[in-house]
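Asks: Just so you know, the sequences run in chain order A and B.
For the first sequence, the numbering used here begins at 2 and goes up steadily by one.
For the second sequence, the numbering used here begins at 2 and goes up steadily by one.
If you are wondering where the hints come from, they were derived from the structure by calculation, not from laboratory data.
Among these hints, one or two may not hold up.
Claimed, not checked - According to the in silico footprint, chain B covers these stretches of chain A (three or more CB under 8 Å from chain B):
hint	stretch
1	49 to 58
2	98 to 108
3	159 to 166
4	189 to 201
Said to hold, decoys possible - The calculated DSS-like cross-link candidates involving lysine-lysine, where the alpha carbons are at most 27 Å apart (straight line), are:
hint	chain 1	residue 1	chain 2	residue 2
5	A	K124	A	K149
6	B	K167	B	K19
7	B	K152	A	K152
8	B	K19	A	K19
9	A	K124	A	K152
10	A	K19	A	K149
11	A	K124	A	K59
12	B	K59	B	K167
13	B	K167	A	K152
14	A	K59	A	K167
15	B	K152	B	K59
16	A	K19	B	K152
17	A	K167	A	K19
18	A	K167	B	K152
19	A	K19	A	K152
20	B	K19	A	K149
21	B	K19	B	K149
Since this is a predicted model, take the numbers as computed values, not measurements.
Ideal Cβ positions, reconstructed from N, Cα and C, are used throughout, including at glycine.
2 protein chains.
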Amino acid sequence: MQDDAAFQPTARTMPRRKDRAVFDREAVYAILDEALVCHVGFEHAGQVFVIPTAYGRKEDRLIIHGAAMTRMMQNLSGGLSISVTVTILDGLVLARSAFHHSINYRSVVILGTASVVSDEAEKLEALRVFTEHVIPGRWAEVRGPTEKELKLTTVLELPINEVSAKVRTGPPVDDREDYGLDVWAGELPLRQTPGIPVPDPALRPGIEVPEHVRQYGNRL
Amino acid sequence: MQDDAAFQPTARTMPRRKDRAVFDREAVYAILDEALVCHVGFEHAGQVFVIPTAYGRKEDRLIIHGAAMTRMMQNLSGGLSISVTVTILDGLVLARSAFHHSINYRSVVILGTASVVSDEAEKLEALRVFTEHVIPGRWAEVRGPTEKELKLTTVLELPINEVSAKVRTGPPVDDREDYGLDVWAGELPLRQTPGIPVPDPALRPGIEVPEHVRQYGNRL
Numbered sequence: 002m003q004d005d006a007a008f009q010p011t012a013r014t015m016p017r018r019k020d021r022a023v024f025d026r027e028a029v030y031a032i033l034d035e036a037l038v039c040h041v042g043f044e045h046a047g048q049v050f051v052i053p054t055a056y057g058r059k060e061d062r063l064i065i066h067g068a069a070m071t072r073m074m075q076n077l078s079g080g081l082s083i084s085v086t087v088t089i090l091d092g093l094v095l096a097r098s099a100f101h102h103s104i105n106y107r108s109v110v111i112l113g114t115a116s117v118v119s120d121e122a123e124k125l126e127a128l129r130v131f132t133e134h135v136i137p138g139r140w141a142e143v144r145g146p147t148e149k150e151l152k153l154t155t156v157l158e159l160p161i162n163e164v165s166a167k168v169r170t171g172p173p174v175d176d177r178e179d180y181g182l183d184v185w186a187g188e189l190p191l192r193q194t195p196g197i198p199v200p201d202p203a204l205r206p207g208i209e210v211p212e213h214v215r216q217y218g219n220r221l
Numbered sequence: 002m003q004d005d006a007a008f009q010p011t012a013r014t015m016p017r018r019k020d021r022a023v024f025d026r027e028a029v030y031a032i033l034d035e036a037l038v039c040h041v042g043f044e045h046a047g048q049v050f051v052i053p054t055a056y057g058r059k060e061d062r063l064i065i066h067g068a069a070m071t072r073m074m075q076n077l078s079g080g081l082s083i084s085v086t087v088t089i090l091d092g093l094v095l096a097r098s099a100f101h102h103s104i105n106y107r108s109v110v111i112l113g114t115a116s117v118v119s120d121e122a123e124k125l126e127a128l129r130v131f132t133e134h135v136i137p138g139r140w141a142e143v144r145g146p147t148e149k150e151l152k153l154t155t156v157l158e159l160p161i162n163e164v165s166a167k168v169r170t171g172p173p174v175d176d177r178e179d180y181g182l183d184v185w186a187g188e189l190p191l192r193q194t195p196g197i198p199v200p201d202p203a204l205r206p207g208i209e210v211p212e213h214v215r216q217y218g219n220r221l
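Working from the sequences, and respecting the hints, build out all of it.
Replies: Structure follows, in structure tokens:
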């Protein structure tokens with residue numbers, strides 16, 4: 002694991018627009034730790050597929066998992082070169098001209114090759130990290146995986162190494178002559194928010210919504 | 002344009018899990034019309050890239066656009082086979098066992114080849130559709146694109162033809178012997194919500210937040 006504060010851009014991760022590029026390690030990790038879902042891109046039989054999936058992060062590795070029989074897991078286990086992208090939408094940027102409309106967002110693109118986590122203890126730890134990423138406090142409260150369940154699950158880790166992030170923040174940037182127009186301009190923030198927890202209809206009576214579910218808004 | 006009510010699955014879009022698959026045309030369109038951002042996957046020099054971008058839909062075509070000089074636009078204009086994936090997160094599915102945790106979501110995967118919209122009137126119409134998808138009511142209120150701006154923008158359309166959707170809804174499905182456990186189970190709904198509009202610091206005084214911005218929660 003590298004200890005330096007910034008990721009090294011490569012020809013493949015160096016963006017053409019330098020003003021939005023972020024290579025700072027902590028900034029990249031913060032985006033990865035906030036988002037819930039990534040989009041995994043891989044090639045199979047000459048066709049690119051992009052599949053959404055939840056994930057976790059353990060230090061400098063991204064953890065994904067899935068049923069061993071799925072197309073994505075079978076493909077990724079084979080050591081394909083993949084791209085994993087994480088995107089957080091922060092707001093609509095509303096300019097005075099159609100042309101200068103934009104979106105405030107934070108995104109991370111990781112390029113690399115995933116490898117299968119096969120050691121049972123490491124696999125269990127990866128699943129703990131995964132679950133705690135999605136909903137902190139959950140792992141300790143639920144029944145852990147059985148040996149059979151572990152066998153049915155493929156866990157993959159992707160080194161977070163060839164990586165870049167992009168961030169856009171702030172108001173629109175309009176052409177000088179448009180600032181006089183009679184058009185409202187600014188940002189409309191967007192945020193993922195939790196609703197009211199819906200108990201499983203089969204929930205045993207008397208079980209209260211736990212703290213880690215009630216407080217989920219603080220996770221987002 | 003096909004008029005039948007369902008998309009025809011192909012070997013590439015037929016999922017292994019049939020229970021979550023959706024091919025109904027209106028259901029697919031409804032997901033595309035609700036989400037804001039898609040993830041575009043394409044190959045360049047032996048590496049898959051997945052890039053987030055906003056989009057719109059005009060009948061049976063997905064519209065994306067970008068600055069003509071970007072890597073993605075240059076690649077996609079060349080007639081590459083791509084994958085465009087749209088994902089809406091609806092909630093966390095909290096089971097009694099770690100293994101049965103899941104996510105309620107709706108996603109669409111489109112496979113195909115994008116083509117450049119070069120006719121100026123069609124391009125303008127595509128940009129209108131794009132803008133009205135992201136924020137309905139905006140196009141009529143802002144300064145439209147100039148000829149120069151149109152030239153700087155590449156507009157692509159992707160036929161929505163080889164496509165599949167996946168939907169998961171409802172409570173967790175636990176193993177029978179786990180229903181007696183003392184663990185809260187259910188769904189925690191998630192929703193993209195708008196915050197309070199932030200005026201551009203350079204906004205001319207006296208311009209009120211317009212209806213189409215104030216009412217944006219109804220769009221989401």
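Asks: Could you run down the list of hints and mark each one as holding or not?
Replies: Here's how the hints hold up against the structure:
no., hint, result
1, 49 to 58, "holds (count 6)"
2, 98 to 108, "holds (count 7)"
3, 159 to 166, "violated (count 0)"
4, 189 to 201, "holds (count 13)"
5, A:K124 x A:K149, "13 Å, holds"
6, B:K167 x B:K19, "9 Å, holds"
7, B:K152 x A:K152, "55 Å, violated"
8, B:K19 x A:K19, "44 Å, violated"
9, A:K124 x A:K152, "10 Å, holds"
10, A:K19 x A:K149, "48 Å, violated"
11, A:K124 x A:K59, "12 Å, holds"
12, B:K59 x B:K167, "21 Å, holds"
13, B:K167 x A:K152, "25 Å, holds"
14, A:K59 x A:K167, "21 Å, holds"
15, B:K152 x B:K59, "21 Å, holds"
16, A:K19 x B:K152, "22 Å, holds"
17, A:K167 x A:K19, "9 Å, holds"
18, A:K167 x B:K152, "25 Å, holds"
19, A:K19 x A:K152, "45 Å, violated"
20, B:K19 x A:K149, "23 Å, holds"
21, B:K19 x B:K149, "48 Å, violated"
Figure legend: structure checked against the earlier numbered hints; hints not met, in rising order: 3, 7, 8, 10, 19 and 21.
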